[in-house]
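Novice: So you can see what is in the structure, the chains are spelled out below.
2 protein chains.
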Amino acid sequence: MGYTIQGFKASAVAAGLKKGGALDLALLYSEKEATAAGVFTTNLVKAAPVLLSREHIRDGKARAIVANAGNANACTGPQGMRDAQKTAELVSRRLGIHPEEVLVASTGVIGEPLDMNLITNAVVPLVESLQSSGLEDAAKAIMTTDSFPKTARFAGAAGGRPYEIVGMAKGAGMIMPNMATMLSFILTDISIDAHLLQNALQEGVEKTFNRTSVDGDTSTNDTVFALANGVAGNGPLSQEDRMEFARGLTRVMDDLARMIARDGEGATKFVTLELRGAASADDALQGARTVANSALVKTALYGRDPNWGRIMAALGRAGISMEESAMDIWIDDVQIVKGGLGCGKEAEEMAAKRMENDAFVIIIDMHVGIFAEKIYTCDLSHEYVSINADYRT
Amino acid sequence: MGYTIQGFKASAVAAGLKKGGALDLALLYSEKEATAAGVFTTNLVKAAPVLLSREHIRDGKARAIVANAGNANACTGPQGMRDAQKTAELVSRRLGIHPEEVLVASTGVIGEPLDMNLITNAVVPLVESLQSSGLEDAAKAIMTTDSFPKTARFAGAAGGRPYEIVGMAKGAGMIMPNMATMLSFILTDISIDAHLLQNALQEGVEKTFNRTSVDGDTSTNDTVFALANGVAGNGPLSQEDRMEFARGLTRVMDDLARMIARDGEGATKFVTLELRGAASADDALQGARTVANSALVKTALYGRDPNWGRIMAALGRAGISMEESAMDIWIDDVQIVKGGLGCGKEAEEMAAKRMENDAFVIIIDMHVGIFAEKIYTCDLSHEYVSINADYRT
Numbered sequence: 014m015g016y017t018i019q020g021f022k023a024s025a026v027a028a029g030l031k032k033g034g035a036l037d038l039a040l041l042y043s044e045k046e047a048t049a050a051g052v053f054t055t056n057l058v059k060a061a062p063v064l065l066s067r068e069h070i071r072d073g074k075a076r077a078i079v080a081n082a083g084n085a086n087a088c089t090g091p092q093g094m095r096d097a098q099k100t101a102e103l104v105s106r107r108l109g110i111h112p113e114e115v116l117v118a119s120t121g122v123i124g125e126p127l128d129m130n131l132i133t134n135a136v137v138p139l140v141e142s143l144q145s146s147g148l149e150d151a152a153k154a155i156m157t158t159d160s161f162p163k164t165a166r167f168a169g170a171a172g173g174r175p176y177e178i179v180g181m182a183k184g185a186g187m188i189m190p191n192m193a194t195m196l197s198f199i200l201t202d203i204s205i206d207a208h209l210l211q212n213a214l215q216e217g218v219e220k221t222f223n224r225t226s227v228d229g230d231t232s233t234n235d236t237v238f239a240l241a242n243g244v245a246g247n248g249p250l251s252q253e254d255r256m257e258f259a260r261g262l263t264r265v266m267d268d269l270a271r272m273i274a275r276d277g278e279g280a281t282k283f284v285t286l287e288l289r290g291a292a293s294a295d296d297a298l299q300g301a302r303t304v305a306n307s308a309l310v311k312t313a314l315y316g317r318d319p320n321w322g323r324i325m326a327a328l329g330r331a332g333i334s335m336e337e338s339a340m341d342i343w344i345d346d347v348q349i350v351k352g353g354l355g356c357g358k359e360a361e362e363m364a365a366k367r368m369e370n371d372a373f374v375i376i377i378d379m380h381v382g383i384f385a386e387k388i389y390t391c392d393l394s395h396e397y398v399s400i401n402a403d404y405r406t
Numbered sequence: 014m015g016y017t018i019q020g021f022k023a024s025a026v027a028a029g030l031k032k033g034g035a036l037d038l039a040l041l042y043s044e045k046e047a048t049a050a051g052v053f054t055t056n057l058v059k060a061a062p063v064l065l066s067r068e069h070i071r072d073g074k075a076r077a078i079v080a081n082a083g084n085a086n087a088c089t090g091p092q093g094m095r096d097a098q099k100t101a102e103l104v105s106r107r108l109g110i111h112p113e114e115v116l117v118a119s120t121g122v123i124g125e126p127l128d129m130n131l132i133t134n135a136v137v138p139l140v141e142s143l144q145s146s147g148l149e150d151a152a153k154a155i156m157t158t159d160s161f162p163k164t165a166r167f168a169g170a171a172g173g174r175p176y177e178i179v180g181m182a183k184g185a186g187m188i189m190p191n192m193a194t195m196l197s198f199i200l201t202d203i204s205i206d207a208h209l210l211q212n213a214l215q216e217g218v219e220k221t222f223n224r225t226s227v228d229g230d231t232s233t234n235d236t237v238f239a240l241a242n243g244v245a246g247n248g249p250l251s252q253e254d255r256m257e258f259a260r261g262l263t264r265v266m267d268d269l270a271r272m273i274a275r276d277g278e279g280a281t282k283f284v285t286l287e288l289r290g291a292a293s294a295d296d297a298l299q300g301a302r303t304v305a306n307s308a309l310v311k312t313a314l315y316g317r318d319p320n321w322g323r324i325m326a327a328l329g330r331a332g333i334s335m336e337e338s339a340m341d342i343w344i345d346d347v348q349i350v351k352g353g354l355g356c357g358k359e360a361e362e363m364a365a366k367r368m369e370n371d372a373f374v375i376i377i378d379m380h381v382g383i384f385a386e387k388i389y390t391c392d393l394s395h396e397y398v399s400i401n402a403d404y405r406t
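Protein chains in written order, with this note's numbering: chain A, 14 to 406; chain B, 14 to 406.
Treat the hints as calculated values from the structure; they're not laboratory data. Keep in mind that this is a model prediction, so the values were computed, not measured. Heads up, a few of these hints could be off.
Since the list can't tell identical chains apart, any single copy or any two copies may satisfy a pair.
Computed list of lysine-lysine pairs in DSS-like fashion (alpha-carbon distance at most 25 Å, straight line) [claimed, not checked]:
id, residue 1, residue 2
1, LYS387, LYS366
2, LYS45, LYS31
3, LYS358, LYS31
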């Protein structure tokens with residue numbers, strides 16, 4: 014990312030888990046003990062590294078994150094747990110820290126045992142290549158079907174002392190609110206207690222990653238970690254400091270979430286879906302998600318077709334309050350539905366023009382209440398089908 | 014269909030609603046007053062013909078069904094209602110019956126006004142070409158992206174008098190339980206009262222069309238009609254007669270539902286998904302639907318990839334009771350998951366062989382209860398994307 018952050022080092026190696034010799038094992042390391050927070054998948058099927066890291070982070074402290082792509086270590090039973098533990102042990106021994114200080118994350122194919130020989134052989138070079146400029150490579154190593162590494166940064170000040178927040182993420186497929194198939198690791202040099210960090214992380218995840226949808230599938234491995242090493246040297250945080258930090262953390266995750274949607278598997282369009290005028294907060298979210306996950310809406314986005322009938326039909330089956338004759342819909346600045354009826358061919362042609370852009374906004378005003386939601390999503394393309402029909406072959 | 018049924022006539026013409034001069038307007042006519050039952054979409058956005066037909070069928074009687082493809086007459090406001098009414102009036106006048114005896118159904122693009130000149134001009138030839146052998150053409154006329162007309166037949170006897178049930182359907186896209194984007198019209202010569210017919214129809218729809226999923230989208234126009242003209246001359250139905258009729262009706266709808274899944278937009282695989290061992294009936298249905306609608310599962314089916322990790326992940330996010338270590342999964346006769354773990358490369362290779370067939374069964378045993386469900390579904394292919402990205406252009 015070009016980004017560095019004081020007190021942290023990172024590295025990545027090609028352990029051989031991905032085909033073709035790409036970077037596939039990443040290490041993030043805090044030179045001193047760091048406050049740690051984590052948010053994990055809500056899927057009942059949780060990968061071994063998720064189960065292990067949930068234990069390791071319970072005390073609010075960590076020193077390292079080791080993450081591999083190429084194999085999810087999910088649906089691998091007791092052997093998978095042993096492999097995740099062994100990964101933490103190998104890394105901790107080499108770093109001279111406790112295994113419980115190591116957080117583990119994996120992404121890739123589900124249901125295949127992790128090749129521990131590859132991990133074992135890679136740990137020495139992985140630790141030896143740790144450097145402050147290693148974050149870019151680490152962001153590359155956690156990619157699966159991602160087409161570019163995703164990093165973001167925020168700079169703030171607390172009690173007069175400047176601090177930074179630097180984050181990375183991988184996304185691309187199995188992406189759906191609650192949470193996306195995604196890993197995200199966030200590093201900051203602020204001094205903050207674990208409880209505040211956890212709260213800020215959870216709130217930020219809810220507003221960002223949990224408002225991102227590529228295909229409506231939720232992964233077994235979703236993990237967001239935040240480590241705060243306190244090197245910035247600020248004292249206890251004032252109320253205002255906390256709010257600024259929470260905003261900054263959310264900003265970093267929002268940037269990453271937008272990149273995840275933009276880089277959705279096979280995506281050709283980045284679409285921000287704004288649903289307004291819903292009867293309740295739940296209705297707003299449910300409605301926005303139903304539209305964003307509709308295969309028919311997503312293929313119309315791909316075809317640059319302002320097919321508002323599919324949006325109306327998706328909302329009509331979303332299980333929310335709706336009045337057909339109250340609906341208004343816009344593509345960017347072009348209104349295509351007014352009072353539940355189409356605005357005509359000319360409006361649709363203008364809207365289709367807007368949809369030729371890489372990114373646009375769909376605004377839906379239901380006019381039955383005051384609640385609003387925003388979802389980042391993308392289209393469903395031939396390429397999505399190709400990627401996912403051939404993923405394991 | 015080659016099928017005929019005594020006391021009914023049918024016809025179809027090319028009114029010009031579809032591009033390219035294909036049949037697009039169908040008429041089914043009962044020579045005498047028939048008992049009538051109907052089941053309609055649960056989508057809150059209901060097309061005009063749905064709203065109108067719901068009124069016309071309230072008295073349990075009907076004489077005719079007029080159905081067009083090419084335009085859904087949905088999201089068309091008061092003008093759409095007037096157009097649906099006018100369609101019923103034109104047909105009724107020509108047939109010499111009351112407008113309330115005509116049921117109307119439409120399928121096609123949402124949000125565009127119906128071209129009533131085309132309908133008006135087509136009604137005379139439509140009524141004039143009514144004939145007992147017209148059912149096949151009618152089944153063709155209601156097709157949209159369907160690749161073949163769908164018809165089915167059952168022969169039974171009540172009180173010693175033989176009767177028949179003949180059905181037709183269109184499906185292809187926007188297909189999801191509750192209900193599919195589908196029209197289905199069922200004709201029978203049994204004598205049965207409207208209440209019994211309605212109950213049998215609803216139960217059958219629940220077990221068949223509502224267990225069919227192509228893409229998880231529910232249409233604004235879904236309609237199933239059943240007309241019973243009583244020409245078979247049976248007396249009051251015994252308990253046993255009723256049960257046989259319900260079974261026969263369900264059988265006809267089951268045949269049609271299977272054809273709809275087999276002919277899903279772009280489908281290359283017809284997949285029967287059997288979920289067993291769920292903790293409750295709701296869990297069984299929710300679990301089966303979540304797997305059947307997962308874009309990642311569907312693309313794996315297209316790729317003939319027994320990627321059971323995606324099935325596990327879909328169940329894990331379905332919001333149902335699940336124990337990862339209790340899961341068993343088969344493709345046809347090949348077990349690929351036992352106790353939550355993969356059965357190895359050899360099993361997967363055998364399963365991949367089975368998936369080269371046009372049709373196969375996925376059996377999932379969750380082993381947490383005694384409830385089971387079955388869903389008919391299909392894969393998600395490049396062709397699905399092509400069809401739906403270009404549908405209106």
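Novice: Each hint needs a verdict: does it hold in this structure or not?
Specialist: Against the structure, the hints come out as follows:
1. LYS387 with LYS366: within (23 Å within a copy, 44 Å between copies)
2. LYS45 with LYS31: Intra 31 Å, inter 70 Å, cutoff 25 Å: neither.
3. LYS358 with LYS31: between (49 Å within a copy, 18 Å between copies)
In summary, the one numbered hint that this structure violates is 2.
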